[in-house]
Amino acid sequence: MKNKDWFKKSSVYQIYPKSFKDSNNDGIGDIKGIIEKLDYIKNLGMDVIWLTPIYVSPQKDNGYDISDYYNIDPIFGSMDDFEELLSQVHNRDMKLIMDMVINHTSTEHMWFKEAQKGEDNPYHDFYIWKKTEDGKLPNNWKSKFGGSAWQYVKNLDKYYLHLFDVSQADLNWENPKLREEIYKIMNYWMNKGVDGFRLDVINLLSKNQDFPNDTLESPNHDGRKFYTDGPRIHEYLKDINKNVFSLYENSMTVGEMSSTTINHCINYTKPENMELDMTFNFHHLKVDYPNGEKWALGEFEFDKLKDILFNWQVEMQDGNGWNATFWCNHDQPRVLSRFGDDKNYPIESAKMLGTAIHLMRGTPYVYQGEEIGMTNPKFDNISEYKDIESINAYNNLIKKGYREDEVLDILKSKSRDNSRTPIQWNENGGFTKGTSWINMASNYKTINAKDAVENEESIYNYYKKLINLRKEYDIISHGTIKPILKGHKNVLGYIREYEGQKLLVLCNFFGEKTEVDISEYIKEFEGKILIANYSEQKLDKSMILKPYECFAVVFE
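1 is the number of the first residue of the sequence shown in UniProt numbering; add one for each residue after it.
Heads up, some of the hints might be wrong.
Said to hold, decoys possible - Computed beta-carbon distance windows for the label pairs: (1) 113 <-> 192: 24 to 32 Å; (2) 68 <-> 301: 42 to 50 Å; (3) 192 <-> 381: 37 to 45 Å; (4) 243 <-> 427: 46 to 54 Å; (5) 212 <-> 471: 45 to 53 Å; (6) 125 <-> 497: 48 to 56 Å; (7) 113 <-> 74: 17 to 25 Å; (8) 383 <-> 140: 31 to 39 Å; (9) 396 <-> 156: 26 to 34 Å; (10) 497 <-> 383: 52 to 60 Å; (11) 536 <-> 74: 48 to 56 Å; (12) 405 <-> 87: 45 to 53 Å.
No wet-lab data here; the hints were simulated from the structure. Cβ coordinates follow ideal geometry from the N, Cα and C atoms, glycine included.
Could you build all of it, start to finish, from the sequences and the hints given here?
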């Protein structure tokens, strides 16, 4: 019997294998290292593990540039290692989903090498090519990694589209032969026993076939409206579902959505549409982009954060869609350094941030290290950064006349490498005995998994409680959500309701005391505190919340 919405009670743990655990001391995390630490993940209460890409890749974009979809990159281990991992995950009654990148391939992929041989080659039409007069660019679209989204190939006298790095050529989804090849790849992994996929930038597959110019009047007018949630995207997703996902019981799919809209995400995820189970959106993670600019320093706008989170929560609920809820992943800075206070209130603010997300409507995701309160590493030198996007941003900002110290301050706050430093397993680091591919954050002596597991009051054990509450209480997994205290300058609050139960959640997002009046929302003040990050608060009509204080109370 297929339990169609088992994932509503589940929590997902994201592993970035390169930085998780190195078993052979070559400085790169690997599959055997993951196997070694499965009990740590199981103990946290996790139901699903998501692995970022481990396929063969030149690693220009840390594996999101795939050159062979059918094999494991030797830096991570062998297919035998992967099959062992899958079996060990299943033995612990957890599921494993893989990352699938089907918007683009590496230019090292056999398809692209063949495509460059000319128009007569059957693989040529697997990619998006444009010929222009006078060698002008086909249009003014920008790559998400900087510069033009088009690259010239001399022997063909044509340009190919790359919305990301120049080594990541976009696939031509208009071609049915390409689509068939993608279904084959996905079925190959599902037949191995994989439980589903996280689908990379999945809403970019369908491009406007006129390829018009954009206005470039702001960072968001860079061409994206012509390839985001494009004209045939829902048709493509229905086809993938029909040819792949629907063939496997209890599979799970989550789509990463770039610059998307709520309406599209309702349509991607409402069950009758047969497309995806849930979607990631990133709008709430742009509230510290001054005027939409990522590579600039700015305080986060709390009122905007609340508006975005709650718009998505309420409208997805009203449209019967489903959110993936999260703060962190391999592309985002550490949330504790971003929206919390990693110096003065690291434990309180980490627990508060976890509470805010885990008790919302949606399936929560935890990114490796988040559960122990890992922080941005604050690297002092550009040589410590490995991420292609960060290095490009550094060069662009220096060209614009910024001082090096100003640029490094921006990177310390905004770089994707902030989340890619190795897991701090113990007081000696514990990731590798070799030289790590990227430096570890220097605070591993005080922030590490060994201490976190052993300390009852740790962030890890608090997260464990949050994860188990979702399994225990249907109101968390299936209840409705209603935002409260919308105008409060410091507090994020909401009420969940289900079958006569009410759950009140209050989170102070700042390092100062703040007063909160809940008399209009709660008539009876006798409830059971499910979780709190300070010793118990006495519930009253009006209360003073301590810095970063949070708690959740259930009323029968």
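Right, here's what the structure says about each hint:
1. 113 <-> 192: 24 to 32 Å: 26 Å, holds
2. 68 <-> 301: 42 to 50 Å: This hint holds: roughly 43 Å between Cβ atoms.
3. 192 <-> 381: 37 to 45 Å: 42 Å, holds
4. 243 <-> 427: 46 to 54 Å: Once the Cβ atoms are compared, 50 Å apart, the range 46 to 54 Å for residue 427 and residue 243 holds.
5. 212 <-> 471: 45 to 53 Å: For residue 212 and residue 471 the Cβ distance comes to about 49 Å; the hint holds.
6. 125 <-> 497: 48 to 56 Å: 53 Å, holds
7. 113 <-> 74: 17 to 25 Å: 20 Å, holds
8. 383 <-> 140: 31 to 39 Å: 33 Å, holds
9. 396 <-> 156: 26 to 34 Å: 29 Å, holds
10. 497 <-> 383: 52 to 60 Å: 53 Å, holds
11. 536 <-> 74: 48 to 56 Å: Given range 48 to 56 Å: holds, Cβ gap about 53 Å.
12. 405 <-> 87: 45 to 53 Å: 50 Å, holds
Checked against the numbered hints above, the structure breaks none of them.
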